[in-house]
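Model the full assembly from the supplied sequences, consistent with the hints where possible.
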Amino acid sequence: MPATMFDKIWDPHVVADLGGGWSLLHCDRVLVHDLSGGRALQEVGEAGHPVARPDLVFATPDHAVSSAPGRTSETFPTGARLLAGLRKRAAETGVRLFDLGQDGNGIVHVMGPELGIVLPGTVLVCGDSHTCTNGGVGSLAFGIGASELRHVLATQTLPQRKPRTMRIRFEGTPPPGVTPKDMILAAIGRFGAAAGTGYAVEYAGSAVRALSVEGRLTLCNLSIEMGAKVGMVAPDETTFAWLHGRDFAPKGATWDAALADWRALPSDDDAVFDRDLLIDMRDIAPQITWGTSPEQVLPVTGRVPDPADAPDAEKRGAWEAALAYMGLTPGAPIEGTKVDWVFIGSCTNSRIEDLRAAAAVLRGRRVAPHVTAWVVPGSERVKHAAEAEGLHTAFLDAGFEWREPGCALCVAANGEAVPPGARCVSTSNRNFVGRQGTGARTHLASPAMAAAAALAGAIADVRSFAA
Amino acid sequence: MDKFTTVSGPAAPMLGANIDTDVIIPIQRLVGTGRTGLGPYAFERMRYAKDGSDNPDFVLNRPQYRDSPILLAGANFGCGSSREGAVWALMGMGFRAVIAPSFGDIFFNNCFQNGLLPVRLPEDAIRRIADETEAAQGARHTVVDLARQVVVTPDGAEIPFSVDARKRDALLEGLDDIALTLKRKDEIIAWQAADRARRPWAWESVER
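Protein sequence lines correspond, in order, to chains X and E. For the first sequence, counting from 1, position 307 maps to 313 in the working numbering; every step adds exactly one. For the second sequence, counting from 1, position 177 maps to 694 in the working numbering; every step adds exactly one.
Just so you know, these hints were derived from the structure itself, not from any lab. Cβ atoms here follow ideal geometry from the backbone N, Cα and C, with glycine treated the same way. Watch out, some of these pointers could steer you wrong.
[Stated by the list, open to error] A short list of chain X residues far from chain E (calculated; beta carbon distances all over 12 Å): (1) D312; (2) A366; (3) G396; (4) E407.
[Said to hold, decoys possible] In the DSS-like style, the derived pairs of lysine-lysine whose C-alpha atoms are separated by at most 25 Å in a straight line are: (5) K168(X) x K702(E); (6) K257(X) x K14(X); (7) K168(X) x K700(E); (8) K700(E) x K520(E); (9) K168(X) x K14(X).
Structure below.
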């Protein structure tokens with residue numbers, strides 16, 4: 007019987023059928039971070055349970071660490087307490103920790119694939135909704151809450167119900183200025199912020215096959231903004247070449263055995279998905295969000311929606327509230343809206359290719375004087391790779407701040423925030439009310455679009471800034 | 518986890534779609550704090566005026582809804598972040614059940630882990646409960662009965678809902694998931710040994 011990739015990973019991970027549609031699912035890898043990791047390890051111990059498989063658990067501080075140049079773990083004192091807890095509990099339980107400033111540290115969904123901790127065909131969980139990012143290398147990865155995190159640390163398993171499956175095919179070649187970020191924002195705009203609820207999504211089609219691993223990680227990252235806990239891309243030669251030689255990737259004969267297994271993972275040609283959607287790449291232009299949900303998104307050439315045109319009363323109310331919060335005028339072109347801040351970073355868009363794309367737009371140009379512009383590399387390795395290529399110089403010369411790895415302004419849990427009322431073009435994943443700070447107005451876009459906005463001092467069409 | 522029984526009280530209407538967990542509880546309130554004491558911070562960006570006083574326009578500040586144990590919500594309630602603090606904050610505010618047309622997947626699951634019952638009902642049923650509650654100015658109660666799987670509206674109509682049997686039993690009996698799973702510890706260890714033989718690459722590469 008033809009099977010999807012999702013089935014091919016899920017089915018062999020079922021340790022026991024719990025009845026009523028429930029399975030006890032084995033988790034091959036667990037990633038923990040500073041915001042909830044220390045406490046979870048502590049609570050498991052206090053409940054009298056040892057950590058079942060500390061060798062399968064990896065920790066990194068990212069959420070509540072300062073991104074200031076020259077930062078230490080003490081720079082943000084509240085976060086310092088969380089990090090101290092994570093260090094203590096990781097040491098007690100034998101969980102590997104990639105500590106602040108050390109090789110391997112970074113945003114959990116950047117460092118995981120980067121170190122080869124995340125592998126095709128594995129089941130991975132983490133107490134963070136953007137765990138879906140890791141599906142970009144062909145892992146079945148999903149975010150969990152604090153209770154489930156304790157459960158997986160104590161048992162290495164989780165009781166789960168199998169979700170339905172969805173495939174989104176992107177066919178064709180990307181038009182100018184269209185990046186993986188634009189692909190997924192366009193999909194969320196078309197299908198809605200809840201379209202993926204209850205589904206595991208596989209991204210497929212010629213445009214996905216052509217993406218780098220970094221691009222696939224970006225694509226999968228926003229699955230949860232469409233409601234889907236799981237997003238994945240079938241592993242292929244691009245994936246294998248990217249993973250080969252990474253720290254925790256298999257080596258030697260074991261690598262060959264892994265390749266044989268991984269090559270069997272892609273969905274069978276005649277596999278049936280519960281929902282099958284298609285996007286023609288020709289229909290996508292560079293995207294920018296206008297509201298307070300990722301589904302409130304436009305091509306950069308578009309106009310701010312008018313609530314009078316909303317399809318129903320509920321949407322009208324939502325649009326009115328979003329426009330009031332965002333300080334936008336119905337019917338006005340979104341391009342040219344004055345911007346105060348630009349943030350390039352987050353588990354969505356902080357990898358080396360993202361920084362290259364932004365730097366290419368910036369080279370030889372200057373950020374508008376009224377704009378505060380930050381770039382926060384996703385990991386120590388991304389930072390060092392970028393510095394080796396001279397990308398940091400391109401950012402610094404243009405007037406960006408070149409900062410230290412972490413989640414930073416994506417979630418504003420580290421004492422850093424976009425000020426109230428300020429407008430920020432951000433490469434992150436959520437434009438929710440208050441996400442980047444109380445009263446902060448967020449417009450989501452690709453790294454190249456963010457760079458263009460920094461230069462123009464306003465929302466701008468990256469296609470006018472061809473490198 | 519607290520056992521869940523029947524909940525009765527005025528149902529507070531907050532019917533906009535896509536209320537995300539950042540709105541339910543800002544992350545700043547979850548950095549360096551425990552799970553208790555979050556009630557005052559639930560919805561804080563909508564709930565308070567700039568000077569810290571209660572925002573009179575926020576529905577949950579209206580006198581008839583201040584002690585509501587039941588929240589009526591819009592589609593995709595609890596979307597976004599996996600923070601379980603969103604559930605702790607709602608419970609800290611006194612809620613024991615949330616009724617919405619749909620929920621964010623991770624939030625939905627987090628609710629059950631803590632004894633907050635998420636109930637899926639069609640939009641028109643939720644609208645009806647809201648209208649009946651408003652008509653009585655909150656003086657008439659809605660009942661959420663998990664054992665019978667019905668919501669009783671203020672006017673006495675019974676609306677059935679379905680909830681996963683495993684989740685229902687766990688709520689009604691206050692079961693500890695970890696203890697249940699650990700009864701299968703031998704099965705888990707046997708699975709791991711078999712998988713190690715089947716997929717050595719998934720295990721050897723992380724060995725110390």
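Exercise. Assess, step by step, whether the Cα of K168(X) is no farther than 25 Å from the Cα of K700(E), and give holds or violated.
Key: holds (22 Å)
Quiz item: Does the structure keep K700(E) and K520(E) at a Cα separation of 25 Å or less?
Solution: holds (21 Å)
Quiz item: Between K168(X) and K702(E), does the CA-CA distance stay at or below 25 Å?
Solution: holds (22 Å)
Practice problem: Taking the shortest Cβ-to-Cβ distance between G396(X) and chain E, state whether it exceeds 12 Å. | Solution: holds (33 Å)
Quiz item: Going straight from one Cα to the other, do K168(X) and K14(X) come out at no more than 25 Å?
Solution: Answer holds: K168(X) to K14(X) is near 12 Å, not above 25 Å.
Practice problem: Would you assess whether D312(X), listed as outside the interface, keeps its beta-carbon beyond 12 Å of every beta-carbon in chain E? | Solution: With a cut-off of 12 Å, D312(X) remains clear of chain E, as the shortest Cβ separation is near 19 Å.
Quiz prompt | E407(X) remote from chain E - nearest C-beta pair above 12 Å | solution = The claim stands: E407(X) keeps its Cβ more than 12 Å from every Cβ of chain E (closest is about 22 Å).
Quiz item: K257(X) and K14(X): Cα distance at most 25 Å?
Solution: This hinted pair holds, its Cα atoms lying about 23 Å apart.
Self-check item: 12 Å cut-off, C-beta based - A366(X) kept clear of every residue in chain E
Solution: holds (32 Å)
When each numbered hint is compared with the structure, no violation occurs for any of them.
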